[in-house]
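**Q** If you're matching them up, the sequences are chains A and B in order.
Note that our numbering has the first sequence beginning at 27, numbered continuously upward.
Note that our numbering has the second sequence beginning at 258, numbered continuously upward.
Mixed in with the good hints, there may be bad ones.
Straight line, CA to CA, 25 Å or less: simulated SDA-like cross-link-like pairs of lysine to any residue [claimed, not checked]:
| no. | chain 1 | residue 1 | chain 2 | residue 2 |
| --- | --- | --- | --- | --- |
| 1 | A | 173 | B | 461 |
| 2 | A | 234 | B | 467 |
| 3 | B | 412 | A | 79 |
| 4 | A | 234 | A | 141 |
| 5 | A | 146 | B | 309 |
| 6 | B | 329 | A | 159 |
| 7 | A | 204 | A | 215 |
| 8 | A | 47 | B | 361 |
| 9 | A | 173 | B | 308 |
| 10 | A | 173 | B | 415 |
| 11 | A | 204 | B | 278 |
| 12 | B | 329 | B | 541 |
| 13 | A | 43 | B | 467 |
| 14 | B | 412 | A | 117 |
| 15 | A | 146 | B | 461 |
| 16 | A | 117 | B | 376 |
| 17 | B | 362 | B | 343 |
| 18 | A | 43 | B | 461 |
| 19 | A | 145 | A | 219 |
| 20 | B | 500 | B | 361 |
| 21 | B | 412 | A | 173 |
| 22 | A | 234 | B | 277 |
| 23 | A | 43 | B | 500 |
| 24 | A | 43 | B | 443 |
| 25 | B | 329 | B | 477 |
| 26 | B | 362 | A | 158 |
| 27 | B | 270 | A | 214 |
| 28 | A | 47 | B | 481 |
| 29 | A | 234 | B | 309 |
By construction, these hints were calculated from the structure, which means they are not laboratory data.
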Amino acid sequence: MIAGIERRGRSRARSGKRREKIWNVTCFILLVLLAVIVMFPIYWIFRSSLMSNAELYAYPPAFTPPAWRWENYSATLQSFDYWHFLGNTMKVLVPSVIGAVITATMGGYAFARLRFRGKKFLFTLCVGSMLLPSMVTLVPLFVMWAKIGLVNTYWPLILPHFCGGGAFNIFLIRQFIKTVPRELDEAATIDGCGYFRILVFIIVPAIKSAMIVVGLLKFIEMWNDLLQQVTYITRRDRYTLTLGLNIFKGSFNDDWSSIMCATCLSFIPGIVFYLIGQRYFVEGIVMTGMKN
Amino acid sequence: MEKVIKRKSKYNKAESRAAYICMLPSVIGLVCITYLPMIASFALSLFSWNGLGNMKFIGFDNYVKLFTNDSKFYGSLLSTLKYAGLSVLGCMIFSLIVAMLLNRKIPARGFFRGVFYLPYVLPAMAVYLGWKWLFDYNYGFLNYVITMAGGNRIKFLDDSLMVTPSLALIAVWLSGNLIVIFLAGLQNVPRVYHEAAEVDGANGFHRLIHITIPCMTPIIFYNLLMSLVTNLQVITPALSLTKGGPGTGSYYMCYMLYNKAFNSHQYGYGSAIAVILFILIAIFTAILFSTSNGWIFYEGDDKE
């Protein structure tokens, strides 16, 4: 009797296990399918960049390029000023990222560690600024930069990032500094360190990874931006990659082969940065999600 | 006397000075690039100004014109709401499903996570260009699939009814960051709950409804709020691809704002649109927050 129940129990457990296994396999297949669907547009763009226009307009479309025409790229590079545009993009990106990381760290440090009058008020202002739509400031900011005479320079794109790098990043850094044991600060104070030396020699080494995350998030944000660049840069020699691509598409209307080449070329820096910083990218997004 | 000493001990002078120096850039940012321009936007919306000549105070005329005498405004409002609704819904469902699939015991999880995140790191301009080619009426891949399946070709971006759903589809494709946030949330759901439920005989579906989803509500709320605020401010696809068309199909409010301010040099009118957008987002945020007590489950919260 008891043995029977046991046997039945075991067989039920076994069938449950089998069902779980089938379920696991189904889920995995679904995941692979979704991954293929997500990757497919990128593959299709890449495959289109290696084909001639005649091949692109053939029906039915070829799933792999009939001939791998790498020469498309050298041809596109003749008319698409890639390196110049990429250089301009870097001129905006690098200072902005550095500025955001430094000033966000300073702001985060003050919020996490220092006591000062008006802290609560500033904190509220910071939280509030996260919920305010940035589009609302577009026109007055443009008017301001135009009045100063800095339109068509990179300053309107760079300088805002030297102002704390956004409330979000300040809070990110603040959360991290809070995990650094206060005893370290106190020990340093006893040794005669001032507040800035504590920041530089104790806090910064301890939260290096958070700073990298801020830098990478800033990088994506600016990499994805079109609006600010379109608004402030109208001189062709100052065009960034995004603006260059925009104008390139206009002048090569139906030359999809070239347009896809240019598109792939602008994918490359993002993908390279992503592969280098993948661990931090993912960690960073995770941290931002965990914030509340 | 005692009070004075107390206050002195609360704010150390050197500490305060260090703090103010550290906060200086952030304060300049908050004042000069957030709050003052915000106020300026409200003020500017009461003027008629082309950016060069004199500003003329016209009271609420810009708003009156917007609501009663602008043929494109309601179309713009509708397109914006449609885009935000579709892309928020699409992104949330898609990324929650992918995150749950990724949260299982699977080989090469890091690789898959990377795959779903990759679109997010590509420059927006290039992404939209690439999708334009996929959406092409004659030679695009999607229309090839549709005709193979026996359907009629769709004018994805050249049909005023299809353009917003098509652009929302791209938004879903770009939602890798939501996936990663959801995944992090799923990994924080205490295992004990699942184990306890399993002992009680709950199957996978029950556990999803009664454990996973309730534990995820704070993160669902965060993602919902953030993606709603971002998607109501959609402008990049209109700016890069559709130029607001066809009709008002993708004439999103931010694009209308941009267009009025920078193409027609109606700074006052543009600012009025900005203010309306601000109010719209404030209303949605308020609604979300006011309902949040009803459906968000905080761990350690006793009340039902």
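**Q** Next step is simple, just say for each hint if it's right about the structure.
**A** Hint-by-hint comparison with the structure:
This hinted pair does not check out: residue 173 of chain A and residue 461 of chain B have alpha carbons roughly 62 Å apart, beyond 25 Å. Between the alpha carbons of residue 234 of chain A and residue 467 of chain B the distance comes to roughly 39 Å, so the proposed pair goes past 25 Å and is violated. At most 25 Å may separate the alpha-carbon atoms for a hinted pair to count; residue 412 of chain B and residue 79 of chain A meet this at roughly 21 Å. With a C-alpha separation of about 23 Å, the suggested pair residue 234 of chain A and residue 141 of chain A falls inside the 25 Å cut-off, and the hint holds.
Taking the CA atoms of residue 146 of chain A and residue 309 of chain B, the gap is about 41 Å. The hint is violated against a cut of 25 Å. The straight-line distance between the Cα atoms of residue 329 of chain B and residue 159 of chain A is roughly 22 Å, inside the 25 Å bound, and the hint therefore holds. Only pairs whose Cα atoms come within 25 Å are accepted, and residue 204 of chain A paired with residue 215 of chain A is accepted, the gap being roughly 17 Å. Proximity of residue 47 of chain A to residue 361 of chain B is assessed by CA-CA distance (about 12 Å); at most 25 Å being required, the pair is judged to hold.
Between residue 173 of chain A and residue 308 of chain B the alpha-carbon distance is near 10 Å, which keeps this suggested pair within the 25 Å criterion. For the given pair, residue 173 of chain A sits about 39 Å from residue 415 of chain B by alpha-carbon distance, which is inconsistent with the 25 Å threshold. Our distance criterion of 25 Å between C-alpha atoms is met by residue 204 of chain A and residue 278 of chain B, whose separation comes to about 20 Å. Proposed proximity of residue 329 of chain B and residue 541 of chain B is supported: the alpha carbons are some 22 Å apart, at most 25 Å.
Of the supplied pair hints, the one linking residue 43 of chain A and residue 467 of chain B holds, its CA atoms being roughly 22 Å apart against a limit of 25 Å. For a cut-off of 25 Å, the pair hint linking residue 412 of chain B to residue 117 of chain A is broken: about 39 Å separates their Cα positions. With a C-alpha separation of about 46 Å, the suggested pair residue 146 of chain A and residue 461 of chain B falls outside the 25 Å cut-off, and the hint is violated. Distance restraint check for residue 117 of chain A and residue 376 of chain B: the Cα-Cα separation of roughly 24 Å lies within the 25 Å cut-off, and the hinted pair is therefore satisfied.
For the given pair, residue 362 of chain B sits about 31 Å from residue 343 of chain B by alpha-carbon distance, which is inconsistent with the 25 Å threshold. A threshold of 25 Å between alpha carbons decides the hint, and for residue 43 of chain A with residue 461 of chain B the separation of about 13 Å falls inside it, so the pair holds. Annotation: proposed proximity of residue 145 of chain A to residue 219 of chain A holds, straight-line Cα distance about 23 Å (limit 25 Å). The suggested pairing of residue 500 of chain B with residue 361 of chain B is violated, with an alpha-carbon distance near 42 Å, which exceeds 25 Å.
Restraint check for residue 412 of chain B and residue 173 of chain A: not satisfied, since their Cα atoms lie roughly 44 Å apart, outside the 25 Å limit. With a CA separation close to 23 Å, the supplied pair residue 234 of chain A and residue 277 of chain B stays within the 25 Å bound. The suggested pairing of residue 43 of chain A with residue 500 of chain B is violated, with an alpha-carbon distance near 55 Å, which exceeds 25 Å. Between residue 43 of chain A and residue 443 of chain B the alpha-carbon distance is near 23 Å, which keeps this suggested pair within the 25 Å criterion.
Distance restraint check for residue 329 of chain B and residue 477 of chain B: the Cα-Cα separation of roughly 34 Å exceeds the 25 Å cut-off, and the hinted pair is therefore not satisfied. At most 25 Å may separate the alpha-carbon atoms for a hinted pair to count; residue 362 of chain B and residue 158 of chain A exceed this at roughly 40 Å. Only pairs whose Cα atoms come within 25 Å are accepted, and residue 270 of chain B paired with residue 214 of chain A is accepted, the gap being roughly 18 Å. With a CA separation close to 33 Å, the supplied pair residue 47 of chain A and residue 481 of chain B exceeds the 25 Å bound.
Only pairs whose Cα atoms come within 25 Å are accepted, and residue 234 of chain A paired with residue 309 of chain B is rejected, the gap being roughly 47 Å.
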